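Undergrad: Letter by letter, the chains look like this.
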Amino acid sequence: MSLLREDLACFIINYACCLGASYADVRIESYYNEHISIVNGEVVSALMLNKHGFSVRVIVNGAWGFQASPRTSIEDAKRAVELAIKSAKASSLSAKEPVKLAPVKVCRDNVVAKVKVDVESVPTEDKVDELLEADRRISSYKEITSRSFSYTSIKMDKFFASSEGARISFKNTVSWIWISATAKRGDSRSRYRWVEGGSGGYELVSGDVLYNSADKVARKAIELLDAEPAKSMRNVSVVMDPDFVSLLVHEIIGHPSEADRVLGREAAWAGTTWWAGMLGQKIGSDYLNAADDPTVEGTLGYYLYDDEGVPARKKVLIERGVLREHMHSRETAAIFNAEANAGMRAITYEYFPLIRMSNTFIEPGDWKPEEIIEETKFGVYVCGRNTPSIDDKRYNWTISAKEGWLIENGELTKHLKNVWVMSTAPSFFKSIDAVANDLTIRPIPGCGKGEPYQLLYVGNGGPHIRGVASIVGR
Amino acid sequence: MNLNDLARIVDKAIKLGASEAEAYYLLNDVFTARMANKKIVEAKGVVDEGLAIRVLTADGGLGFSATGKLDSESIDLAIRRAIKVASKRKLKFKYGLPKPEKYSPAKEVFDKKIAEIDRRKAIELAQRALSTAESYSDKIVNVSGTLNIIKYTIRIVNSNGVEAEDRGTLLEGVIATTAKNGVVESEGYESTMCRFLSDFNPEEIGIESAKMAIDGLKAEKVDEGEYTAIFAPRASADIALRVGAFSNPLIAKTTYQFFLGKEGEKVASEKLSVLDDPRMPRGPYSCSIDDEGVPTRTKYLIENGIFKGFYYDSLSAAMEGKSSTGNGFRPAGPAGFTRLPGKLYITEPSARPSNLVIKAGSKSPEDIIGEVENGILIRHLHYARVSNPVTGDYTAVLRMGLYRIENGEVKYALKKARILDNIIKMISNVDEVGSDLKVAGSWGRYAIAPTMRISKVRIVPL
Numbered sequence: 098m099s100l101l102r103e104d105l106a107c108f109i110i111n112y113a114c115c116l117g118a119s120y121a122d123v124r125i126e127s128y129y130n131e132h133i134s135i136v137n138g139e140v141v142s143a144l145m146l147n148k149h150g151f152s153v154r155v156i157v158n159g160a161w162g163f164q165a166s167p168r169t170s171i172e173d174a175k176r177a178v179e180l181a182i183k184s185a186k187a188s189s190l191s192a193k194e195p196v197k198l199a200p201v202k203v204c205r206d207n208v209v210a211k212v213k214v215d216v217e218s219v220p221t222e223d224k225v226d227e228l229l230e231a232d233r234r235i236s237s238y239k240e241i242t243s244r245s246f247s248y249t250s251i252k253m254d255k256f257f258a259s260s261e262g263a264r265i266s267f268k269n270t271v272s273w274i275w276i277s278a279t280a281k282r283g284d285s286r287s288r289y290r291w292v293e294g295g296s297g298g299y300e301l302v303s304g305d306v307l308y309n310s311a312d313k314v315a316r317k318a319i320e321l322l323d324a325e326p327a328k329s330m331r332n333v334s335v336v337m338d339p340d341f342v343s344l345l346v347h348e349i350i351g352h353p354s355e356a357d358r359v360l361g362r363e364a365a366w367a368g369t370t371w372w373a374g375m376l377g378q379k380i381g382s383d384y385l386n387a388a389d390d391p392t393v394e395g396t397l398g399y400y401l402y403d404d405e406g407v408p409a410r411k412k413v414l415i416e417r418g419v420l421r422e423h424m425h426s427r428e429t430a431a432i433f434n435a436e437a438n439a440g441m442r443a444i445t446y447e448y449f450p451l452i453r454m455s456n457t458f459i460e461p462g463d464w465k466p467e468e469i470i471e472e473t474k475f476g477v478y479v480c481g482r483n484t485p486s487i488d489d490k491r492y493n494w495t496i497s498a499k500e501g502w503l504i505e506n507g508e509l510t511k512h513l514k515n516v517w518v519m520s521t522a523p524s525f526f527k528s529i530d531a532v533a534n535d536l537t538i539r540p541i542p543g544c545g546k547g548e549p550y551q552l553l554y555v556g557n558g559g560p561h562i563r564g565v566a567s568i569v570g571r
Numbered sequence: 009m010n011l012n013d014l015a016r017i018v019d020k021a022i023k024l025g026a027s028e029a030e031a032y033y034l035l036n037d038v039f040t041a042r043m044a045n046k047k048i049v050e051a052k053g054v055v056d057e058g059l060a061i062r063v064l065t066a067d068g069g070l071g072f073s074a075t076g077k078l079d080s081e082s083i084d085l086a087i088r089r090a091i092k093v094a095s096k097r098k099l100k101f102k103y104g105l106p107k108p109e110k111y112s113p114a115k116e117v118f119d120k121k122i123a124e125i126d127r128r129k130a131i132e133l134a135q136r137a138l139s140t141a142e143s144y145s146d147k148i149v150n151v152s153g154t155l156n157i158i159k160y161t162i163r164i165v166n167s168n169g170v171e172a173e174d175r176g177t178l179l180e181g182v183i184a185t186t187a188k189n190g191v192v193e194s195e196g197y198e199s200t201m202c203r204f205l206s207d208f209n210p211e212e213i214g215i216e217s218a219k220m221a222i223d224g225l226k227a228e229k230v231d232e233g234e235y236t237a238i239f240a241p242r243a244s245a246d247i248a249l250r251v252g253a254f255s256n257p258l259i260a261k262t263t264y265q266f267f268l269g270k271e272g273e274k275v276a277s278e279k280l281s282v283l284d285d286p287r288m289p290r291g292p293y294s295c296s297i298d299d300e301g302v303p304t305r306t307k308y309l310i311e312n313g314i315f316k317g318f319y320y321d322s323l324s325a326a327m328e329g330k331s332s333t334g335n336g337f338r339p340a341g342p343a344g345f346t347r348l349p350g351k352l353y354i355t356e357p358s359a360r361p362s363n364l365v366i367k368a369g370s371k372s373p374e375d376i377i378g379e380v381e382n383g384i385l386i387r388h389l390h391y392a393r394v395s396n397p398v399t400g401d402y403t404a405v406l407r408m409g410l411y412r413i414e415n416g417e418v419k420y421a422l423k424k425a426r427i428l429d430n431i432i433k434m435i436s437n438v439d440e441v442g443s444d445l446k447v448a449g450s451w452g453r454y455a456i457a458p459t460m461r462i463s464k465v466r467i468v469p470l
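Note that the protein sequences, when read in sequence, are chains A and B.
Position in the first sequence (from 1) plus 97 gives the number in this note's numbering.
Position in the second sequence (from 1) plus 8 gives the number in this note's numbering.
Calculated directly from the structure, the hints in this document are not laboratory data.
Using C-beta positions, here's what the derived DEER-type ranges look like:
(1) B:116 x A:490: 35 to 45 angstroms
(2) B:120 x A:394: 44 to 54 angstroms
(3) B:189 x A:411: 35 to 45 angstroms
(4) A:490 x B:129: 30 to 40 angstroms
(5) B:120 x A:203: 39 to 49 angstroms
(6) A:309 x B:189: 52 to 62 angstroms
(7) A:377 x B:375: 55 to 65 angstroms
(8) A:313 x B:143: 53 to 63 angstroms
(9) B:22 x A:410: 53 to 63 angstroms
(10) B:234 x A:417: 41 to 51 angstroms
(11) A:309 x B:10: 44 to 54 angstroms
(12) B:339 x A:309: 25 to 35 angstroms
(13) B:306 x A:545: 26 to 36 angstroms
On a predicted model such as this, the values are computed, not experimentally measured, just so you know.
For each residue, glycine too, the CB sits at the ideal point set by N, CA and C.
Based on the provided sequences and hints, a complete structural model is requested.
TA: Right under this line is the structure:
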């Protein structure tokens with residue numbers, strides 16, 4: 098026998114509490130996922146997936162237990178609760194300190210993200226046609242030797258309920274498209290890759306967005322054929338565009354701000370954080386202000402309540418160079434004696450939520466981007482994120498850019514490729530001396546963390562910024 | 009869902025217009041105990057169950073759709089979606105779903121004790137590994153890790169008469185430790201993946217991990233240079249995994265072209281032989297059939313340095329006019345999709361390796377090390393990657409488990425360093441292979457590898 102969503106949630110919570118849970122929450126979720134991949138005009142994969150299920154998370158004797166199930170009958174619900182309770186009880190035998198949760202406002206809400214074109218209303222076949230058309234258009238550039246398009250959309254209908262009385266539903270769709278092109282002329286070969294997307298429907302990845310992005314990718318790949326490989330330079334002024342800043346922020350502000358990393362709980366996997374224990378200390382220049390804000394509509398990191406039912410707000414991570422706040426779960430907030438700030442998310446009901454970035458960005462300043470370039474006597478302007486290489490404490494970092502330009506006397510001169518920017522987090526943070534007013538939040542669809550591994554979509558960004566770093570030519 | 013249910017789904021797909029159809033069912037049950045800060049922080053279970061439909065249409069179309077909702081309406085929708093999308097995905101070569109073949113069961117891949125283990129016993133195993141590492145020394149300041157217990161069943165039916173099923177159990181244990189002495193910090197790591205509970209020794213992974221961390225407290229700086237490097241099994245396993253990726257027919261066309269057109273040619277040292285061996289008893293990826301019902305078989309990828317050929321699923325084989333080698337497995341989906349340990353159903357089968365095995369040599373690891381006058385021992389690779397797919401440039405962080413060898417003896421630990429070399433050069437420079445074959449790996453990716461000696465490996469201190 099199946100129950101309605103709210104009734105099922107109530108049943109699960111009540112049963113868990115009857116079996117000894119001091120806290121219980123349940124997430125009942127439905128998904129429609131779609132993914133199409135096209136390489137050189139051929140459909141290499143087109144998959145559609147419907148999914149539905151629930152998970153129950155309990156605290157018994159101060160320890161967590163969790164069980165997820167794709168089946169939602171009363172019998173399945175009972176079985177899942179019993180397994181979660183057993184897991185918690187067994188785990189509590191070794192618990193040194195009981196789990197405590199920071200108090201939160203108990204909310205009842207129904208949130209529906211803005212979607213113009215429902216992804217399920219457009220047949221997958223039509224999407225394939227549109228992608229093939231975009232591919233056809235850029236195949237006409239004679240230098241382009243290979244093209245690929247990878248479209249993903251996840252339509253979700255989530256419901257959260259807790260034994261404290263929270264009842265929150267959230268309907269959202271996230272969509273993104275990766276486009277890449279390789280160009281070749283003589284011995285020169287180059288590749289350019291770009292992603293567009295956010296919270297919203299098919300409108301985010303189709304029509305002019307798709308065609309214009311594809312054209313930009315092809316043109317960029319061709320332009321890079323004439324770029325010169327960057328030469329190594331120590332400690333020069335580096336001006337970064339918002340897309341490059343998005344990866345920099347992701348790696349050296351976002352990840353180290355996760356309180357589970359700060360506490361050493363991610364030591365075996367993602368790593369730890371160099372700034373553990375440094376809240377309130379100055380770690381960067383006065384120009385450095387950074388935040389994590391899930392409430393920005395239209396972004397990949399958009400939500401108004403996290404997967405613990407905590408109401409979302411903007412988190413001020415760094416204020417005028419001072420480390421202010423970490424991203425928290427209710428459990429880590431209690432450990433830090435801090436306010437829970439809605440940092441917990443899971444990719445589906447099948448996963449225990451983790452502390453994740455939502456939209457992490459550097460706050461805008463008052464410079465115009467072009468003023469920063471004009472006022473740089475000598476340096477490098479790096480555009481577009483490529484590949485990061487970061488140590489496990491997020492201290493030493495090297496990030497490659499899609500392209501760069503030499504700046505000489507306030508003007509962009511040589512076009513550069515193979516540009517790697519290298520520094521340490523504190524020395525770069527302290528060197529930031531100009532921040533522009535063009536805040537842009539870019540999609541980062543695949544942020545990996547957790548065991549079992551979760552590849553989650555987040556937003557990251559900032560405006561144009563300038564600091565000092567080394568350039569490594571390769 | 010049993011084979012009869014799947015047969016009915018296949019019939020339905022044919023009725024709705026498919027010329028051939030396949031139904032694949034998965035039931036994957038995973039329990040994870042996650043350890044951090046010297047305690048068990050999460051004990052979590054998940055059941056993943058679903059159905060994947062693949063159809064061919066008379067005009068050469070291929071369609072795919074999956075559903076975790078197993079009511080008849082959702083299954084119907086999945087079939088219709090697969091057929092519809094097939095109209096837009098026309099294959100440019102002749103392709104048919106696999107035909108039935110006799111298969112024999114893979115040996116020793118299912119353990120009733122793992123399948124029936126209760127939560128309490130599972131957590132006790134995690135706790136034993138944790139406590140062993142913690143109590144190894146008072147300098148151990150952090151212990152983290154994972155215990156994954158997995159059981160799965162797959163069933164496949166297609167309209168050509170394939171009717172097959174397989175099942176298995178797995179137990180993966182990982183312990184990571186941090187040791188501290190004053191301001192000096194170092195790390196240790198040990199992991200294992202086994203099919204039988206009796207093969208799992210929680211104390212061993214705890215001790216080995218802690219020992220590596222403690223060794224590192226006295227680490228000395230390594231000078232930049234080319235070294236004779238002894239790759240312990242976990243480091244060798246990464247080399248096996250690279251060979252596995254280079255022997256993938258699709259990856260060879262798009263990314264790593266090192267073995268493309270090289271069948272029968274020398275690509276590595278004659279000391280190196282790498283097999284794809286899905287029939288290995290107790291192998292972590294052993295299976296009777298692949299994920300499209302083709303019987304699995306053992307094959308050389310590299311034999312005495314000669315590239316023997318790619319492995320194939322039925323589609324990639326058809327593309328090249330070849331036969332499937334029984335390597336059609338369903339990989340993890342894109343970002344945002346489920347990717348639990350164990351088996352998956354949400355993606356189409358494609359060419360993937362099973363157990364990658366480096367064929368054992370005759371010398372013991374002690375003998376191999378004994379012959380090294382001046383070299384290094386690498387026990388763990390972190391963030392290993394081919395940084396340039398065109399040239400084969402290879403980099404890995406030696407974050408822990410790096411030791412100095414002098415006059416045939418492992419002398420002392422070395423501080424963090426990086427391999428900056430070339431994978432093609434490295435596989436050509438394998439000059440000795442040990443007899444100590446072991447299931448080894450990290451981050452859920454395992455191979456079966458022995459100790460290997462590789463000459464002239466370029467090491468740069470961090």
